[in-house]
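Chain order of the listed sequences is A and B. Note that the first sequence ends on residue 355 in the numbering used here; no numbers are left out. Note that the second sequence ends on residue 355 in the numbering used here; no numbers are left out.
Just so you know, these hints were derived from the structure itself, not from any lab. For clarity, every value in this text was computed on a predicted model and none was experimentally measured. Some clues are possibly wrong.
No copy labels: a pair is met if it fits in one copy or bridges any two.
Distance condition first, Cα-Cα at most 25 Å in a straight line; then the derived DSS-like pairs of lysine-lysine [what the hints assert, rightly or not]:
{"hint": "1", "residue 1": "K304", "residue 2": "K107"}
{"hint": "2", "residue 1": "K141", "residue 2": "K165"}
{"hint": "3", "residue 1": "K159", "residue 2": "K242"}
{"hint": "4", "residue 1": "K11", "residue 2": "K127"}
{"hint": "5", "residue 1": "K142", "residue 2": "K159"}
There are 2 protein chains.
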Amino acid sequence: MNYKIRALREKLKSLKLEGMIVSNPINIKYLTNIDPEIEGILLITRKENIYLTYTMFIEDVNKTLTIDDEIIVVDTRDVSKEEAENFFVFCENIGFEENYVTYEQFKRLKQRYRINNMAETDGIIEKQRMIKDEQEIQNIKKACEITDKCFEYLLTYIKEGVTEKEIALEIEMFFKKNGAEDLAFDTIVASGPNSSIPHWKPSDRKIQMADPILIDMGCKYNGYCSDMTRTIFMGCILEEIKPVYDLVLKNQQNVLEEMRSNYNIKNISRRVEDSFKFNNYNLIHGLGHGVGLEIHEMPNINSKNESFFKEDMVVTNEPGIYLPGKYGIRIEDTVLINKSYCTPLTKSNKGYVVI
Amino acid sequence: MNYKIRALREKLKSLKLEGMIVSNPINIKYLTNIDPEIEGILLITRKENIYLTYTMFIEDVNKTLTIDDEIIVVDTRDVSKEEAENFFVFCENIGFEENYVTYEQFKRLKQRYRINNMAETDGIIEKQRMIKDEQEIQNIKKACEITDKCFEYLLTYIKEGVTEKEIALEIEMFFKKNGAEDLAFDTIVASGPNSSIPHWKPSDRKIQMADPILIDMGCKYNGYCSDMTRTIFMGCILEEIKPVYDLVLKNQQNVLEEMRSNYNIKNISRRVEDSFKFNNYNLIHGLGHGVGLEIHEMPNINSKNESFFKEDMVVTNEPGIYLPGKYGIRIEDTVLINKSYCTPLTKSNKGYVVI
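Can you build the whole structure from these sequences, using the hints too?
Below, the structure is given as structure tokens:
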């Protein structure tokens with residue numbers, strides 16, 4: 001059995017669950033490598049791992065799975081009512097994903113598989129996904145490399161007069177022509193005063209002299225995401241912006257100094273909040289988040305999270321300051337947590353970049 | 001109050017529901033025009049329509065809503081526990097979207113708003129969305145126009161040696177540079193034998209002489225989708241393909257002759273199935289589906305649907321024949337249902353197109 005499913009089974013056992021129904025395609029991808037676009041569900045029964053899918057997907061799924069996975073692929077149309085009711089026979093508590101499954105699906109699963117007690121699992125797989133293995137880290141590294149290359153290209157592409165939308169489209173094309181399968185999320189290109197809105201959607205605004213240009217972008221490689229933000233400048237940097245930029249950058253770098261295994265997430269976030277407050281600014285969003293098969297994963301990095309960084313987590317570090325109607329500065333890297341240090345996986349220039 | 005919310009209230013009343021919690025952002029967009037990317041929920045209470053959202057979205061939401069909507073916008077952080085419990089006070093049955101709300105959200109909604117009975121609503125808003133108004137039809141028409149223009153452009157762009165992926169990317173760029181805000185769905189470009197797989201993902205395969213090229217594409221305009229498929233040919237058409245193409249086209253055109261208000265969905269689908277069977281082929285997917293804010297909406301057009309076409313539905317008509325390992329032919333239009341006829345909204349050439 002592959003080690004990810006084995007680890008999940010151990011955890012289920014410790015929670016006194018005799019099995020689990022995995023419906024979230026991202027969790028299925030994590031456990032089996034089956035493409036999230038394929039429709040099916042994974043049943044972790046007492047003795048077997050069963051992937052139920054439709055006829056048209058069987059061939060594709062069989063190509064993806066390896067013998068090591070120990071997953072039995074079954075065509076849904078071959079499963080009689082009785083067989084369905086037998087998968088979890090004599091079981092008391094079967095886990096399900098209460099944050100993914102709709103109310104209607106919950107009812108149908110319970111009935112179809114005749115389950116006594118559908119038990120909430122509180123992100124059991126999402127928690128396991130926080131710690132990345134070598135293959136996962138390689139995929140994220142590759143996505144980050146493509147992102148760095150894209151940034152380098154943008155420095156030659158962006159000129160006065162191009163619009164935010166044009167830059168966003170250029171980023172998407174670069175990603176897709178350079179090995180990424182998709183965007184990791186909708187690219188943010190926010191220029192001039194638009195940069196003061198943290199989740200700006202690219203508009204038809206043209207880049208002007210002295211604009212700050214905030215670019216938040218990432219791509220997917222083998223399903224794994226990258227996430228990087230840089231704030232660059234057209235022609236020159238307004239003097240009033242420099243101290244704000246310096247403050248954001250200093251904090252971003254301090255966090256990199258501190259991020260490592262067993263360090264407290266809350267404390268690191270609080271230190272940035274305090275530093276901003278001391279200078280009369282506020283950190284109005286989280287300091288970061290996990291990155292993997294999804295762009296936003298556990299852990300959330302903010303001053304409410306009582307947990308600790310662990311080796312082989314991949315997270316973002318993205319402090320930002322926003323002055324409404326004027327400008328915003330955010331600097332973000334995707335970072336790998338190591339035992340006694342951390343490794344930024346995105347490596348583009350963070351000093352003043354004027355184009 | 002806007003007429004869409006008024007119609008929903010009438011329907012709720014007839015179902016003996018004293019209110020509804022609308023969580024699905026697409027349904028909220030339909031009722032209020034609020035962008036689906038904005039996070040919030042719409043409470044239809046006995047006397048009021050309340051949109052609950054976060055501070056950062058308030059300004060944007062207020063810009064979108066009109067006085068006619070009669071929707072009160074409330075910042076979630078200003079709602080105390082007591083106020084939340086008062087929204088549905090003295091109510092017995094409050095509707096919710098059982099096909100959208102997760103099991104966890106269901107529990108939280110029930111508790112936060114202290115609801116006696118959360119009642120399933122069986123797609124009440126999705127059913128209302130089947131009938132489009134003038135503004136919605138205009139948006140879909142516009143998306144279809146851009147799609148037709150894109151097809152015209154492709155005839156000059158596609159050459160021997162370009163890959164399926166390159167064509168798909170070119171389509172996306174054309175859409176985004178010509179007024180569409182996004183793709184309506186992942187474009188299918190399936191060439192040569194790949195065309196025999198109905199849901200092919202564009203690959204690095206290069207277009208070759210005598211290839212059939214199946215292109216299924218659509219874009220979004222003001223949130224509304226278009227959907228069109230054409231199968232075209234590189235250089236020449238293999239003689240064995242012609243009778244299959246003719247059979248698909250004849251059926252697609254017959255359906256257009258029959259589609260109109262009050263015609264039976266089942267019968268129209270069955271006639272295509274029978275015609276294919278008579279020629280030793282099978283219709284292996286539905287004949288079509290509704291199109292609107294989502295690419296796949298109600299009604300499903302297949303031989304199991306007992307309902308009838310209604311005036312101002314917008315649906316697809318997309319028969320296809322697939323010979324595994326050899327080739328596939330699909331021809332699809334987005335179509336507006338009228339009282340005594342129907343109007344194809346996508347208008348690209350359906351005869352033999354050889355490039």
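query = Honestly, which of those hints from before does the structure not fit?
reply = When the structure is compared with the hints, only number 5 turns out to be violated.
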